[in-house]
Every structure is written in structure tokens, then in C-alpha cells.
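Could you put together the complete structure from these sequences and hints?
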Amino acid sequence: MAGFITNITTLILIRISISTQPQLRPAIFWPDRRAFTGLAEYLSISLPFIFLLMLDYWTWEYMTIASGYISVSAQATQVLLINMTYFACMIGGGI
Numbered sequence: 517m518a519g520f521i522t523n524i525t526t527l528i529l530i531r532i533s534i535s536t537q538p539q540l541r542p543a544i545f546w547p548d549r550r551a552f553t554g555l556a557e558y559l560s561i562s563l564p565f566i567f568l569l570m571l572d573y574w575t576w577e578y579m580t581i582a583s584g585y586i587s588v589s590a591q592a593t594q595v596l597l598i599n600m601t602y603f604a605c606m607i608g609g610g611i
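Residues 517 to 611 (this note's numbering) make up the sequence shown, in order.
Source of the hints: derived by calculation from the structure; they are not laboratory data.
For each residue, glycine too, the CB sits at the ideal point set by N, CA and C.
Treat the hints with care, since some could be wrong.
Claimed, not checked - What follows is a list of derived Cβ distance ranges for each label pair:
#: 1; residue 1: Thr525; residue 2: Leu596; range: 25 to 33 Å
#: 2; residue 1: Arg550; residue 2: Tyr585; range: 50 to 58 Å
#: 3; residue 1: Ala590; residue 2: Ser562; range: 31 to 39 Å
#: 4; residue 1: Pro547; residue 2: Asn599; range: 32 to 40 Å
#: 5; residue 1: Thr575; residue 2: Ile530; range: 30 to 38 Å
#: 6; residue 1: Met579; residue 2: Thr536; range: 43 to 51 Å
#: 7; residue 1: Gly608; residue 2: Ser587; range: 25 to 33 Å
#: 8; residue 1: Phe545; residue 2: Leu597; range: 42 to 50 Å
#: 9; residue 1: Thr536; residue 2: Ser589; range: 51 to 59 Å
#: 10; residue 1: Ala590; residue 2: Trp546; range: 46 to 54 Å
In C-alpha cells:
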């Protein structure tokens, strides 16, 4: 619920900010048929990548669950590793 409230508040504040700046008003519009041109090519590239990304996440989750059967310290180490990995990816992506 807190995430929902944060996202809605952010959306409202961005909308207010954009409406006060005339040069940004054309950037907000309802999509029409032109917005969906080239969607098939985009999906043909993105869907396999989405599957691979989901497989990567599921693998990390499975390793975390499996490490819980070994010991609590092994699971804590696994959780620490996954958090460090995600943090390293965020730094590479520019947070």
C-alpha cells in the first residue's frame, strides 16, 4: 500500500509540474494508433529477453530457498549476495 501511495503521489506531482511548464505540455498526450506502429518488432526482441530475465530471477529465488535448507547463515549469505548483485547492477545502470 505504501508503494501505491508513493507512486500515485509521484504521478500527481509530475503531472502538476508538467502542466505548469508550457514547453512540456505537448509531451503528455493520449496514445493513438501511431503509438503502436512497430510493436511486433519490439515484442519479437523483448519477449525472449523477458523470459531470460525471469529465469534469472527465479534461479536466484530458488538458490535462496535451497540455501535455507542448509543453514541460516548460508541463507543470510545468499541474501547478502543477491542484494550486492542488484546494487552492482544499479550502479552500472546509473541508479
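Hints and how they fare:
For Thr525 and Leu596, the hinted distance range of 25 to 33 Å is satisfied, since their beta carbons lie about 32 Å from each other. At about 53 Å, the CB distance of Arg550 to Tyr585 agrees with the hint of 50 to 58 Å. For Ala590 and Ser562, the Cβ-Cβ distance of about 35 Å falls inside the hinted range of 31 to 39 Å, so the restraint holds. Roughly 37 Å separates the CB atoms of Pro547 and Asn599, a value that falls within the hinted 32 to 40 Å.
Between Thr575 and Ile530 the beta carbons are some 35 Å apart, a value that agrees with the proposed interval 30 to 38 Å. Roughly 48 Å separates the CB atoms of Met579 and Thr536, a value that falls within the hinted 43 to 51 Å. Look at Gly608 against Ser587: about 31 Å separates their beta carbons, and that is inside 25 to 33 Å. Between Phe545 and Leu597 the beta carbon distance is about 44 Å. The supplied range of 42 to 50 Å therefore holds.
Checked against the given bound of 51 to 59 Å, the beta carbons of Thr536 and Ser589, roughly 54 Å apart, stay inside it. Separated by about 51 Å at the C-beta atoms, Ala590 and Trp546 satisfy the suggested range of 46 to 54 Å.
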